[in-house]
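Chain residues, written in single-letter form:
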Amino acid sequence: MTGAHAKLPKARHPVSFFVPCLVDAFHPGVAAGVVTVFKRLGIPLDCPPGQTCCGQPAYNSGYRRQARRAAQHFVRVFENADAVVCPSGSCVQMVRHHYRLLFADSPSWLARSRRLAERTFELSEYLVDILGVKALGARCTLRLTYLDSCHLLYGLGISRQPRQLIDHVRGTVRVEMRDSQRCCGFGGAFAVRYPEISSAMLADKLDNIAATGAEAVVGCDIGCLMHIAGMARRRGLALHVLHIAQLLAARGRGDLIHG
Amino acid sequence: MAEVRRRYRTIGDPVLQGALANLQHRLGPAAAAAYQALPEGPALRQRAHAIRAKAIADLDVLLAELADRITRRGGHVFFAADAAEAVAYCLETARRHRVKLAVKGKSMVTEEIGLNAALTAAGIETVETDLGEYIVQLAGEHPSHIIAPAIHKTRAEIGRLFAAKLNIPLTDDPPTLTRAARRALRKKFLTADMGITGVNLACAATGHIALLSNEGNIRMATTLPRVHVAFMGMERIAAQLTDHDILLRLLARGAAAQKMAGYISYIGGPRQPGHTDGPESFHLVIVDNGRSRILADRTFREILYCIRCAACLNVCPVYAKIGGHAYGSAYSGPLGAVLTPLMKGIRRASDLCLGESLCGACRAACPVDIDIPRMLLALRSCLAEGDRYWQIRPLNPLAGRLCDIWSWIVSDRRRYDAALACARFCQLLLPRKNGMLHRLPPPFSGWTSSRDLEPLARRPFLRRCSRQPRRHREAPESGADRNRS
Amino acid sequence: MKRLKAARTETGADPVQRHRFLNRIRSALNHPNSGRGAPAAAHATSKAGPHHQGAAGARPCGRPEELLQRLQEAAAELNIHLSLHDSPASAGRCMAAMITRKAPPRNGRREVAIWRHPLVARLELPQRLAGAAITCRTTAAADRTYATRRRFYRDLEAAAVGVTSADYCLADTATLVMRSRPGQPRSVSLLPDIHAAVIEAGQLLPDFSRLCRLLSSGADEGKRGLTHCMTLISGPSKTADIEAVMVEGAHGPRALYLYVILAAPIDAPQPETSGKPRTTS
Ligand code: SF4
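Residue numbers (our numbering), protein chains in the order written: chain A, 2 to 260; chain B, 191 to 675; chain C, 589 to 869.
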């Protein structure tokens with residue numbers, strides 16, 4: 002702990018870490034970033050090892066029965082937590098808004114999922130709105146632009162919090178891209194089933210990012226970020242695609258960008 | 191599917207892409223700002239939602255009241271169960287009044303029931319008078335946007351079209367083209383026997399229909415001809431005038447970021463004695479055509495709250511790419527993606543249910559706060575699981591089986607880890623380029639058509655936690671761990 | 589069969605058909621499926637969208653000067669030519685000058701169509717325009733047949749300017765509200781190239797909300813109701829259907845001139861009470 006965050010709250014109840022399945026499988030570094038952030042805050046982070054997936058992939062394709070099974074598992078794993086924090090807007094939206102529909106026919110599960118939904122927060126929301134911290138002692142010289150993810154923006158109404166967090170990372174210059182609020186075309190199975198539409202949407206997004214002249218794009222949802230990185234790599238663009246947790250954990254440019 | 195796919199050609203048309211992007215940039219943010227500027231604030235949308243919900247819950251009562259009041263003023267009200275009845279009534283009315291020329295205001299419901307074709311087949315010249323609709327009709331096409339029907343046409347195309355059809359010198363100057371259309375249509379208005387319009391919103395308490403336009407064509411069609419036939423989807427009604435206050439203000443904002451539509455006509459019946467203007471004979475055709483089936487299903491009833499403002503089209507990123515024609519019905523955009531499957535068959539229109547990224551922009555833009563993404567998800571579950579009420583079987587039973595297996599796997603972390611290990615092994619077989627997966631096998635090949643995929647990490651994050659004693663299940667902190675297998 | 593039945597409904601008011609239609613709605617509203625899915629619950633919470641912060645308070649209803657101020661702003665936005673006058677004579681002079689300047693000859697003649705309306709009459713347009721050889725046709729309240737109606741429209745087509753008044757004017761949106769009355773055809777505000785309207789400041793209402801409340805109240809105004817046709821006009825006719833380029837003068841007038849006479853009791857406390865169109869019989 003440096004003097005920079007002497008004011009940070011300490012010794013709170015442990016927070017349970019809900020690791021989105023894509024982060025778990027593809028980007029453990031993002032989860033590690035969250036761990037770092039909470040360590041710096043002095044808040045114990047509990048990571049229930051039994052967790053898998055919130056059920057969103059099945060739910061978004063209409064498979065409610067299967068999604069319900071995954072959701073029940075999720076509720077069982079997390080229901081004793083005081084607070085659940087997740088570095089993904091769409092997973093939180095699933096728990097907060099969709100579980101209610103999923104369990105509409107089962108009062109007991111409905112009640113259990115409701116209780117859990119009230120205590121589940123997206124990372125930037127939790128840091129800014131619940132803990133009231135914006136400066137986390139991160140630093141990184143980087144010109145970057147912030148990507149609004151749809152479920153975060155439209156589903157949870159979060160757009161100010163991540164920007165505030167980014168602006169408190171010392172050394173960063175944040176530039177707004179045009180149409181940041183516009184979907185990048187990910188949408189899970191949509192990207193696979195309708196590649197023509199999805200790619201066209203993504204191409205617009207990349208153009209808008211390129212127009213800012215930013216070296217990096219930072220977002221809160223790993224799905225969107227993988228989507229953007231996918232086309233950026235395919236096109237050989239020198240764009241760094243970062244999750245906000247990685248940025249908030251960084252203590253220098255070298256932590257994020259190699260070579 | 192193939193049919194819709196073929197229409198994705200739009201994506202490769204830079205001119206059309208530009209036009210749609212322009213439209214959205216002009217109207218999307220402007221509508222949002224207009225909601226913000228409402229004296230009551232944007233929360234008025236939720237009130238409007240409640241007003242619509244109440245009106246739909248009282249629909250039978252409101253329609254009866256509307257019909258009674260209009261009948262008392264000497265108007266005729268016809269209740270049409272389906273498209274055929276509505277069209278037949280209009281044809282019969284036209285025949286009885288010896289109509290040769292009908293002028294039309296823009297109306298989605300007449301598009302839905304295929305009125306123009308029927309009138310033309312009966313030998314009645316039917317002229318669309320909304321400038322956009324007129325252009326589309328001259329070109330022999332269909333509207334591609336419910337408010338801006340000719341958004342898919344450039345001024346140069348319109349110039350060529352007018353030069354050929356209206357015998358005017360070739361020009362691509364919008365004011366000149368507009369004047370040419372005005373001249374041509376003015377003649378039609380003055381000689382037309384019948385005016386045909388839709389209804390934006392009826393008012394039960396006063397017994398009127400409200401018609402909105404900016405061009406004035408609807409005022410013409412309801413003022414000059416002998417006969418006026420108005421078509422209204424049965425859900426387009428509000429209980430009282432104070433509800434109109436809220437809904438029409440929101441409609442103008444959602445549709446065109448206007449405070450108020452240029453013209454609003456409240457029409458409650460035919461011309462009265464001593465007056466000059468208005469039709470001798472006024473008919474209101476209230477159309478069901480599948481709406482009561484939607485009404486009976488609580489899950490989808492909400493789509494009947496729609497006031498057809500097109501705000502959702504103006505923000506939808508998918509609409510911006512594929513354009514209105516790809517939806518294969520009068521109703522395009524997010525609204526069409528819900529309504530068309532319910533009217534034409536969920537399986538038949540499965541691409542409309544599945545072809546959205548569910549970003550939620552439509553709901554945020556909707557002046558009556560309709561939860562379109564929720565209904566798209568509900569449509570998907572009808573497709574996935576089948577539905578008795580809508581009489582459909584699952585679209586892809588095999589996918590359902592696979593999903594069963596998936597749900598079995600994810601309900602236990604050990605199985606899940608095993609499955610991940612298996613996937614990691616499989617990815618070794620896939621070609622890579624710069625450390626990225628370059629080509630995936632079906633059914634995932636769509637992703638790699640234009641994008642690479644990062645490979646699975648060597649070890650899932652949670653595997654690292656679980657090896658630690660339970661009391662400190664914190665993972666090793668390591669700035670940017672991007673190890674790959 | 590269906591086709592035949594539909595065709596036979598001479599007036600459209602087939603009670604059986606109507607009954608069946610409304611019954612279908614009734615049973616749909618009571619359908620067992622009506623309970624499933626619980627979208628109401630889904631709806632209650634999610635405060636959709638980022639556009640949800642902050643709500644401006646409702647605007648005060650405003651004193652006459654304030655209403656005028658708001659009218660001026662709205663008129664400017666809509667390209668309405670607004671002018672304020674302290675007497676009908678001044679408005680009449682100004683309007684006559686505008687007509688002389690703007691009205692192009694049609695078929696070698698210059699014509700203006702004007703409403704039979706007390707306030708319009710006080711503008712004394714016929715006398716003022718006589719010098720410029722412009723004919724004024726005042727509309728008559730007559731029971732017209734379709735044939736005479738057509739002739740009326742043909743004449744109206746020849747008029748370059750249509751002069752009307754209005755029942756109310758909504759300040760916030762510069763909207764003219766006209767209810768149907770004999771001798772005051774709505775086509776006069778529609779067919780000519782230019783629409784000129786004259787109102788008194790006392791006819792100003794703050795906004796559409798106030799109008800709706802007024803018309804649905806039990807008061808005198810409310811009783812008369814909307815009549816069989818009420819027209820609201822905000823600005824000239826316009827379209828943006830060709831590449832979203834705004835063009836004024838689509839099917840209706842390409843310009844709207846609005847003359848507000850202030851001499852009327854501007855210090856009237858409540859627009860509602862003073863808002864009655866004193867000028868109509
Ligand atoms: S769904 Fe909402 S936004 Fe879309 S057309 Fe209907 S009312 Fe307008």
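Keep in mind the hints are simulated off the structure, nothing from the lab.
Among the hints, a few may not be true.
Stated by the list, open to error - Restraint ranges, calculated between C-beta atoms of paired labels, are given here:
hint	chain 1	residue 1	chain 2	residue 2	range
1	C	Met834	A	Val176	24 to 34 Å
2	C	Arg608	B	Arg605	52 to 62 Å
3	B	Gln226	C	Gln660	19 to 29 Å
4	A	Ala211	B	Lys534	34 to 44 Å
Even for Gly, the Cβ is constructed at its ideal location relative to N, Cα and C.
Okay, the hints, checked on the actual structure:
| no. | hint | in the structure |
| --- | --- | --- |
| 1 | Met834/C <-> Val176/A: 24 to 34 Å | 32 Å, holds |
| 2 | Arg608/C <-> Arg605/B: 52 to 62 Å | 56 Å, holds |
| 3 | Gln226/B <-> Gln660/C: 19 to 29 Å | 23 Å, holds |
| 4 | Ala211/A <-> Lys534/B: 34 to 44 Å | 41 Å, holds |
Hint compliance for this structure: every hint is met.
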